[in-house]
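Visitor: Top line first, the protein sequences correspond to chains L and F. To convert, note that position 3 of the first sequence is 3 in my numbering; the numbers rise steadily by one, no gaps. To convert, note that position 103 of the second sequence is 103 in my numbering; the numbers rise steadily by one, no gaps.
No wet-lab data here; the hints were simulated from the structure. You may find that some hints are simply not true.
Said to hold, decoys possible - 30 Å max Cα-Cα, derived DSBU-like pairs, lysine-lysine:
id, chain 1, residue 1, chain 2, residue 2
1, L, Lys105, F, Lys125
2, L, Lys34, L, Lys97
3, L, Lys197, F, Lys180
4, F, Lys186, F, Lys87
5, F, Lys87, F, Lys97
6, F, Lys125, F, Lys18
7, L, Lys97, F, Lys18
8, F, Lys87, L, Lys82
9, F, Lys105, L, Lys197
10, L, Lys97, L, Lys125
11, F, Lys186, L, Lys82
12, L, Lys125, F, Lys125
13, L, Lys105, F, Lys41
14, F, Lys197, L, Lys197
15, F, Lys18, F, Lys180
16, F, Lys97, L, Lys105
17, L, Lys125, F, Lys87
18, L, Lys180, F, Lys82
19, L, Lys105, F, Lys89
20, L, Lys97, F, Lys41
Said to hold, decoys possible - So, partial list: chain L residues that the calculated Cβ filter (under 7 Å) puts toward chain F:
id, residue
21, Phe70
22, Gln153
23, Val185
24, Val189
Said to hold, decoys possible - Where chain F lies over chain L, by a calculated footprint (3+ residues, C-beta under 8 Å):
id, segment
25, 115–124
26, 160–172
These numbers come from a predicted model, not from an experiment. Don't be surprised by glycine CBs; every beta carbon is placed ideally from N, CA and C.
Number of protein chains: 2
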Amino acid sequence: MDYTHPSAVNSNAEFYCKHELPFVMGTTGGDRAKLTETVRKSKVPAIIAPNMAKQIVGFQAMMEYASATFPNLFAGYRLEIKESHQKGKADTSGTAKAMVGYFNKLGLEFTPDEIVMVRDPAIQKNEMGVPEEYLSGHGWHTYRLTSQDGTVQFAFTHNVNGREIYAQGTLDAVAYLHEKVANGVKGRVFSMIDVLKST
Amino acid sequence: MDYTHPSAVNSNAEFYCKHELPFVMGTTGGDRAKLTETVRKSKVPAIIAPNMAKQIVGFQAMMEYASATFPNLFAGYRLEIKESHQKGKADTSGTAKAMVGYFNKLGLEFTPDEIVMVRDPAIQKNEMGVPEEYLSGHGWHTYRLTSQDGTVQFAFTHNVNGREIYAQGTLDAVAYLHEKVANGVKGRVFSMIDVLKST
Numbered sequence: 001m002d003y004t005h006p007s008a009v010n011s012n013a014e015f016y017c018k019h020e021l022p023f024v025m026g027t028t029g030g031d032r033a034k035l036t037e038t039v040r041k042s043k044v045p046a047i048i049a050p051n052m053a054k055q056i057v058g059f060q061a062m063m064e065y066a067s068a069t070f071p072n073l074f075a076g077y078r079l080e081i082k083e084s085h086q087k088g089k090a091d092t093s094g095t096a097k098a099m100v101g102y103f104n105k106l107g108l109e110f111t112p113d114e115i116v117m118v119r120d121p122a123i124q125k126n127e128m129g130v131p132e133e134y135l136s137g138h139g140w141h142t143y144r145l146t147s148q149d150g151t152v153q154f155a156f157t158h159n160v161n162g163r164e165i166y167a168q169g170t171l172d173a174v175a176y177l178h179e180k181v182a183n184g185v186k187g188r189v190f191s192m193i194d195v196l197k198s199t
Numbered sequence: 001m002d003y004t005h006p007s008a009v010n011s012n013a014e015f016y017c018k019h020e021l022p023f024v025m026g027t028t029g030g031d032r033a034k035l036t037e038t039v040r041k042s043k044v045p046a047i048i049a050p051n052m053a054k055q056i057v058g059f060q061a062m063m064e065y066a067s068a069t070f071p072n073l074f075a076g077y078r079l080e081i082k083e084s085h086q087k088g089k090a091d092t093s094g095t096a097k098a099m100v101g102y103f104n105k106l107g108l109e110f111t112p113d114e115i116v117m118v119r120d121p122a123i124q125k126n127e128m129g130v131p132e133e134y135l136s137g138h139g140w141h142t143y144r145l146t147s148q149d150g151t152v153q154f155a156f157t158h159n160v161n162g163r164e165i166y167a168q169g170t171l172d173a174v175a176y177l178h179e180k181v182a183n184g185v186k187g188r189v190f191s192m193i194d195v196l197k198s199t
């Protein structure tokens with residue numbers, strides 16, 4: 001299980017493959033095409049998963065399905081995205097940015113810089129109700145869609161406190177990988193979507 | 001466009017078919033299998049849609065996709081469903097009941113009688129914030145999923161005030177049917193999903 005640093009992604013993967021160690025790569029960044037290529041040329045299977053939270057990955061897959069199947073379903077609607085994370089997280093959530101792409105296909109005009117980022121612990125605690133013990137580690141997202149005349153509102157929320165959901169997902173990924181190894185699978189890359197479909 | 005009464009569904013459809021009048025059936029109830037059969041044997045196309053709200057039908061389709069593709073994704077989670085409608089609506093929302101089926105497949109234990117129905121205008125106005133002018137006509141639904149240890153929460157909400165969303169959907173259905181008639185389509189039944197996919 002690799003949860004290291006973007007700068008180590010490719011060299012670590014080369015090490016695992018060279019030593020025939022099947023691996024779960026939870027680290028983001030690095031050269032992703034090269035990462036896949038390294039596994040494909042190796043004798044091991046690997047799971048490459050920038051997000052280990054199964055339920056969130058599943059929700060993203062639902063949105064991807066909707067955006068591909070019902071383009072412009074929400075044409076004319078107004079979108080608001082708000083995401084709150086611990087103070088140290090400087091960049092916008094990658095999940096929120098991925099969601100913007102799906103919402104665009106659903107007919108909503110929105111750019112990633114319109115995402116409202118909350119990083120202030122006082123606002124998180126007092127206005128949003130993030131529990132004190134999770135101010136240092138949480139990911140709360142709300143996507144709100146409002147019809148042009150204001151009579152219809154949809155809202156999708158996923159609030160994660162702590163890291164339990166990622167630990168659970170990692171265990172499921174390891175179990176999935178173990179089964180692939182047992183079946184002699186080599187040089188193949190799997191995603192969390194594969195893990196989800198198997199459970 | 002037929003928005004009448006469950007008891008009139010089948011006789012009305014027979015009348016439309018006999019007189020070769022393409023129709024949009026927004027009325028629920030009646031013998032649905034017989035309704036489909038009547039259209040299939042006729043020389044007209046028809047759209048049969050128990051729910052005309054395109055975005056809600058689309059959201060249901062997303063849930064159906066998830067429940068078929070990722071069974072048990074939310075195993076171990078706790079589900080709460082709350083739906084609020086105008087005082088006169090005696091039965092539980094059909095949409096909420098359909099959603100229970102999808103949630104069950106996603107691994108959530110829940111029966112339709114656990115749906116919390118709100119019909120008290122005082123609660124709707126003061127606790128939920130339903131605007132005064134829509135106390136007599138609204139449909140607010142919230143589905144809340146909480147992980148066993150309480151660290152993860154998902155919520156899906158669709159709040160509809162008045163009937164504008166249904167009027168819009170009906171217009172889209174009529175435009176879709178018009179195109180089918182122009183193309184000489186006969187004896188075929190379409191759904192709102194077909195209308196959604198075409199836009």
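Visitor: Can you name, in rising order, the numbers of the hints this structure does not satisfy?
Guide: 1, 3, 4, 6, 7, 8, 11, 13, 17, 18, 19, 20, 23, 24, 25
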